[in-house]
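> Chain A is already provided as a structure; the job is to place chain B on it using the hints.
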Amino acid sequence: MAIVYATMRLSEVVEEHPSLIPVINRFGIRLGLGDKSVRTLCEEHALDTDFLLTILNTYLNEEYFPEKKLQTFHISLLIDYLTKTNQDYLRYQLPNIERHLGYFIQQSPQGNQSLALLGRFFASFKAKLIARIQEDEERRFPYCHQLMKGHLSSELAKGPQQPTDHPTDDPIEALLEDLKSIMVKHLTGAFDDNLCYAVLFAICSLEKDIKQHNRIRYRILLPMITSMEQSCAETRR
Amino acid sequence: MRRNKKIALILKDTLRSCGLQSLLVDYFQPVEISPFPTLEALQANGMENFDYYFTEAEPFAEGADYFLPRRNKTIVVVSHSEATHSGNTLQRLATDLTPEQLIEQLREIFEATPQPEFEGNKELSTREIDVLQLVAKGITNKEIADKLNISLNTVLTHRKNITTKLGIKTVSGLTFYAIMNGFLSGDEF
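Going line by line, the protein sequences match chains A and B. Take the first sequence: its position 186, counted from the start at 1, is 186 in this note's numbering, and no numbers get skipped. Take the second sequence: its position 6, counted from the start at 1, is 243 in this note's numbering, and no numbers get skipped.
Bound-form chain A, shown alone:
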């Protein structure tokens, strides 16, 4: 457990936990942090300090997930954060894995069919993730914005139901787990060990990030949507 609080120097936190770099980037905070505290940086970037801290702490600590507290934040903050994580996947994380994977396949001895297949497996994962992001941007998140204004719009209805009861059954997470398991357990033939590690490392970072994203999505956002729908329906009556 490592809890970050407002008066800590963000530079020290980030040196200790570099996996937070993409997270602070999503909030518009970039490296070159100097000795500024989390609070100062939040003020400079017009961010809600409490929200940033909660996101950083849930990101760092798997066991720490204050549902009640997260549900007190304005839903637009959550949607904004999820939108930015989606953008990060599209712009950086997916291309990053692809780059490593492409190089891995290219640099390994010719004729290893399992690597080409791995490339295709990754492509099918990528397609699924991109489809979910599109669904978020075109329907799911606009629907939330409508709800915030008190409109219960049927055109943008939620779309396919999310597995709220069993967040571990999330299809995106399942594919990533399999991708990892396939590489760790079932790779055959000749391949470059070091590049293989680079690919797996990139996959594991994305997996960790998506788990955090999904936790917010299924356990915070969905219950908020449901309760907003109820209150919209009640005012209508």
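The hints are simulated quantities; they were obtained by calculation from the structure and are not laboratory data. Just so we're clear, the structure is a prediction, and the values are computed from it rather than from any experiment. Hints are not guaranteed to be accurate.
Restricting the straight-line Cα-Cα distance to at most 27 angstroms, the calculated cross-link-like pairs of lysine-lysine (DSSO-like) are [what the hints assert, rightly or not]:
id, chain 1, residue 1, chain 2, residue 2
1, A, Lys180, B, Lys402
2, B, Lys243, A, Lys84
3, B, Lys242, A, Lys185
4, B, Lys249, A, Lys180
5, A, Lys211, B, Lys310
6, B, Lys406, B, Lys374
7, A, Lys128, B, Lys406
8, A, Lys128, B, Lys379
9, B, Lys406, A, Lys185
10, B, Lys310, A, Lys180
11, A, Lys185, B, Lys310
12, B, Lys406, A, Lys208
13, B, Lys402, A, Lys126
14, B, Lys406, A, Lys211
15, A, Lys185, B, Lys384
16, A, Lys208, B, Lys379
17, A, Lys180, B, Lys243
18, B, Lys384, A, Lys180
19, B, Lys359, A, Lys185
20, A, Lys128, B, Lys397
21, B, Lys374, A, Lys208
22, A, Lys180, B, Lys359
23, B, Lys243, A, Lys126
24, B, Lys397, A, Lys126
25, B, Lys402, A, Lys185
26, B, Lys402, A, Lys208
27, B, Lys374, A, Lys180
28, B, Lys243, A, Lys211
29, B, Lys402, A, Lys128
30, B, Lys249, A, Lys185
31, A, Lys84, A, Lys211
32, A, Lys128, B, Lys374
33, B, Lys379, A, Lys211
34, B, Lys310, A, Lys208
35, B, Lys242, A, Lys126
Just chain B, lined up with the frame of chain A:
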């Protein structure tokens, strides 16, 4: 697939419970820990089938009916490593030791009771390969049952066993495995 060690802590002393939790989380992943102040709290929760129960002498004595059938999964946390314990062979964890010694004790406990893991043949059976081929082609469980002339339940059992043996659960992953091992031609991916 990782299998969590499911651990119940029945410890009245919160600090002791937190301390043990943090050692387990830091050094013995993957773990799934459920802390309870009393045995009643555990029973009220309705959770069952833990791999390990860490408790103290007092709740152990009071809940003997509960713990005795689970004695080989039960570890009694005691304050003094030197104290003699008349004759009984319960596993103990003494707390008056250095952190390294505590970790060593825990390691011995986990080594002594190996996790139930999937034993036996990891190779797929002929029938499982039949099922795998059809799953990989994107055919539904119901249709697989019809094609192979077996019940839907049997198909589900085969699928569960395949996933356990291979550590792969999605259709895409299974397809990958089927092609890589020549159970399916690559054109069908």
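> Taking the hints in turn, state whether each one holds.
These are the hints, each one checked on the structure:
For the given pair, A/Lys180 sits about 15 angstroms from B/Lys402 by alpha-carbon distance, which is consistent with the 27 angstroms threshold. This hinted pair does not check out: B/Lys243 and A/Lys84 have alpha carbons roughly 36 angstroms apart, beyond 27 angstroms. In summary, the hint linking B/Lys242 to A/Lys185 is supported, as the alpha carbons are separated by about 21 angstroms, within the 27 angstroms threshold. Annotation: proposed proximity of B/Lys249 to A/Lys180 is violated, straight-line Cα distance about 40 angstroms (limit 27 angstroms).
For the suggested pair A/Lys211 and B/Lys310, the alpha carbons sit about 32 angstroms apart, so the restraint of at most 27 angstroms is broken. Annotation: proposed proximity of B/Lys406 to B/Lys374 holds, straight-line Cα distance about 15 angstroms (limit 27 angstroms). A threshold of 27 angstroms between alpha carbons decides the hint, and for A/Lys128 with B/Lys406 the separation of about 16 angstroms falls inside it, so the pair holds. Of the supplied pair hints, the one linking A/Lys128 and B/Lys379 holds, its CA atoms being roughly 25 angstroms apart against a limit of 27 angstroms.
Distance check on the hinted pair: B/Lys406 and A/Lys185 sit about 14 angstroms apart at the alpha-carbon level, within 27 angstroms; holds. Simply put, B/Lys310 and A/Lys180 have alpha-carbon atoms about 32 angstroms apart, too far for the 27 angstroms limit, and the pair is violated. With a CA separation close to 31 angstroms, the supplied pair A/Lys185 and B/Lys310 exceeds the 27 angstroms bound. Proposed proximity of B/Lys406 and A/Lys208 is supported: the alpha carbons are some 19 angstroms apart, at most 27 angstroms.
At roughly 26 angstroms between alpha-carbon atoms, B/Lys402 and A/Lys126 fall within 27 angstroms of each other, so this suggested pair holds. Between B/Lys406 and A/Lys211, the direct Cα distance comes to roughly 17 angstroms. Compliance with the 27 angstroms bound is thereby established for this hinted pair. Only pairs whose Cα atoms come within 27 angstroms are accepted, and A/Lys185 paired with B/Lys384 is rejected, the gap being roughly 31 angstroms. With a C-alpha separation of about 35 angstroms, the suggested pairing of A/Lys208 with B/Lys379 is violated against the 27 angstroms cut-off.
At roughly 24 angstroms between alpha-carbon atoms, A/Lys180 and B/Lys243 fall within 27 angstroms of each other, so this suggested pair holds. For the given pair, B/Lys384 sits about 32 angstroms from A/Lys180 by alpha-carbon distance, which is inconsistent with the 27 angstroms threshold. Restraint check for B/Lys359 and A/Lys185: satisfied, since their Cα atoms lie roughly 12 angstroms apart, inside the 27 angstroms limit. Our distance criterion of 27 angstroms between C-alpha atoms is met by A/Lys128 and B/Lys397, whose separation comes to about 24 angstroms.
Straight-line distance between C-alpha atoms of B/Lys374 and A/Lys208 comes to about 30 angstroms, which puts the hinted pair past the 27 angstroms bound. About 19 angstroms separates the Cα atoms of A/Lys180 and B/Lys359, which keeps this hinted pair within 27 angstroms; it holds. Proposed proximity of B/Lys243 and A/Lys126 is contradicted: the alpha carbons are some 34 angstroms apart, above 27 angstroms. Simply put, B/Lys397 and A/Lys126 have alpha-carbon atoms about 26 angstroms apart, close enough for the 27 angstroms limit, and the pair holds.
Proposed proximity of B/Lys402 and A/Lys185 is supported: the alpha carbons are some 11 angstroms apart, at most 27 angstroms. Proximity of B/Lys402 to A/Lys208 is assessed by CA-CA distance (about 25 angstroms); at most 27 angstroms being required, the pair is judged to hold. Straight-line distance between C-alpha atoms of B/Lys374 and A/Lys180 comes to about 22 angstroms, which keeps the hinted pair within the 27 angstroms bound. Between the alpha carbons of B/Lys243 and A/Lys211 the distance comes to roughly 21 angstroms, so the proposed pair stays at or under 27 angstroms and holds.
Between the alpha carbons of B/Lys402 and A/Lys128 the distance comes to roughly 26 angstroms, so the proposed pair stays at or under 27 angstroms and holds. Only pairs whose Cα atoms come within 27 angstroms are accepted, and B/Lys249 paired with A/Lys185 is rejected, the gap being roughly 42 angstroms. Taking the CA atoms of A/Lys84 and A/Lys211, the gap is about 15 angstroms. The hint holds against a cut of 27 angstroms. In summary, the hint linking A/Lys128 to B/Lys374 is supported, as the alpha carbons are separated by about 18 angstroms, within the 27 angstroms threshold.
Distance check on the hinted pair: B/Lys379 and A/Lys211 sit about 32 angstroms apart at the alpha-carbon level, beyond 27 angstroms; violated. Of the pairs offered as hints, the one joining B/Lys310 and A/Lys208 is violated, with about 32 angstroms between alpha carbons and a cut-off of 27 angstroms exceeded. Among the hinted pairs, B/Lys242 with A/Lys126 is inconsistent with the structure: their alpha-carbon atoms are about 32 angstroms apart, more than 27 angstroms.
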